[in-house]
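Visitor: For the record, the sequence lines run as chains A and B. For the first sequence, counting from 1, position 209 maps to 209 in my numbering; every step adds exactly one. So the number in my numbering is just where the residue sits in the second sequence, counting from 1, plus 1000.
Treat the hints loosely; a few may be bogus.
A few chain B positions that, by computed beta-carbon distances, are all more than 10 Å from chain A [stated by the list, open to error]:
id, residue
1, Ile1058
2, Lys1071
3, Val1093
4, Leu1137
Just so you have them, the derived chain A footprint on chain B, three or more residues with Cβ under 8 Å [claimed, not checked]:
id, region
5, 1184-1190
6, 1196-1206
To be clear, the hints were calculated from the coordinates, so they are not data collected in a lab. Just so it is clear, CB atoms sit at the ideal spot from N, CA and C, and this is done for glycine as well.
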Amino acid sequence: MEDNIALELKDVSVAYGAEPTVRNVSMKFKKNQISALIGASGSGKSTLLRSINRMNDGLATVTGQILFHDVDINRPKVNVYKVRQEIGMVFQQPTPFPMSIYENVIYGLRLTGEKDRRVLDQRVEESLKHAALWDEVKDRLKASALSLSGGQQQRLCIARTLATKPEIILMDEPTSALDPISTTQIEATMMELKKDYTIIIVTHNMQQASRASDWTAFMHQGNLIEFNQTTEIFMNPHEQATNDYLNGKFG
Amino acid sequence: MSDWEKRLTGPSKETNQERVGRVLTTLSITVIGLLVATILIFLASKGLSLFIKYGVNIWDFVSGTDWSPKKGSYGALPMIVTSFGVTMLAGIVALPLALMVALAVTEILPPAFRKVTQPVIELLVGIPSVVYGFVGLTVIIPILRQWFGGTGFGMLAATVVLFLMIVPTMVSMTIDTLLAVPESYRMASKGLGATRWQTIYRTILPSAAGGVLTAMIFGMARAFGEALAVQMVIGNASIMPTSLMSSAATLTSVLTTGIGNTVMGTAANDALWSLALVLLVMSLIFNLAMRLVNRNKEG
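Can you build the whole structure from these sequences, using the hints too?
Guide: As structure tokens, then:
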């Protein structure tokens, strides 16, 4: 695996029943870059994303190789719990637990048995700062996470994902339930995060892909149609289907 | 009056419907309220007459251990202790089992399994208590007799029967509570690398704790008030139980056996009403506890 590649998919197919939802996708995600998966509803982009950190276990059959540090993590033998700590996930709806802000952030650390107060305190501050939420919540870390606004909750979920120190963060339409201001804040946060993390984001919002991502993959009916630098995809799409989608001919 | 005035302010089908609806619901709630008030007043006046009319000391009643109404001795403590004893034991044993079954059904087994188990469990909830008593009489008592000797009748038999009776109720309620935990908690926890067990005890159980406790109190309230099934297996000796195998009597079983054998208006009959009053007060306390638990959950 080349040095600048964080994750590689080889011939990945996903099927819920007999008919595959994602067909033979092969692609490489570059380190410290934001890659966006775009496509119409039902194109398989979310399904593909969820397969990367094995969230589809027990729900769908995923075939092909998913290479992370030269290890194929799409094998039964792989420790999926470890995989999910290395490849974190942020969901469409903010999903804070009904606990304090502090407890939410250290949830993943608690799972690994971390008890040292100093480590926990430090990681909470670090993660919340990274997710651009620290200044807003530093005085009320013991308050319930449910008291935060939607945008704050989503940034808390990002902080929570960061706290386990993953290398890759998967985001499944992270702003589709948020207002424009919160969306802008999340996008700004993503820009900051890519210094330290590799981000793969699924989005319905084409402006978001063009604004925030370095690379864009267009998926259509389970197939990867085109994957290129975002500027190239938006300015000069090579495939007719990509062009049609970007011009709103279907979607 | 102009046409528009009439059209916009005159009586109509809609306003009539509203009025009829309000009258009907108000009437219904009044009937229920009166019913509750009547029960409370009746039970209180009958239950207190032992102390007022016959001058029995309330303290002697709740702390005395000799229950011989015909000889003028009204110590209800054995029944109070037995009622609490069998209820607590049945509840404590039933809670972990009900919780495990509910977790298996909601979190571990495939959803198709739930479609079969849930109706079966709800069917068990609806079985009349006399059937449970009968099962106790014909199955459990012989087994206990074989294992521990003696007659087999007693507190242990009652505990087992009550346990069998309340487990389905508790499982059913616990399943509902667990299903009410948002799916997003499970997803998020899984996404952070939690195993299923970690997800259950770190996220699902804490957010379902209030409901699980309610299920337990509900089951125990049912056990506390059960008369028939208990009466069939407990041996009906109004004495302080000394062991799990000793015959005893609960508040309810003394009531069902005694109410036909005493004459209305006598002290012996009024003593039974006093027991009923104790039962009512205890039920109110169970009810209150349930509400408190739920209030804490919301707060």
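Visitor: Each of the hints needs a verdict: does it hold here or not?
Guide: Evaluation of the provided hints:
For Ile1058 (chain B), the requirement that its beta carbon stay farther than 10 Å from each beta carbon of chain A is met, with the minimum near 45 Å. No Cβ of chain A comes within 10 Å of the Cβ of Lys1071 (chain B); the nearest lies about 59 Å off, and the non-interface call holds. No Cβ of chain A approaches the Cβ of Val1093 (chain B) within 10 Å, the least distance being about 30 Å, so the stated non-interface status holds. With a cut of 10 Å on Cβ distances, Leu1137 (chain B) stays outside the contact zone with chain A, its closest approach being about 46 Å.
For the region 1184-1190 of chain B, the assignment as covered by chain A holds, since 6 residues bring a beta-carbon within under 8 Å of that chain's beta-carbons and 3 suffice. Evaluation of the coverage hint for the region 1196-1206 of chain B: fulfilled, as 4 residues show C-beta separations to chain A shorter than 8 Å, against a requirement of three.
Violation of the numbered hints given earlier is absent; every hint is satisfied by the structure.
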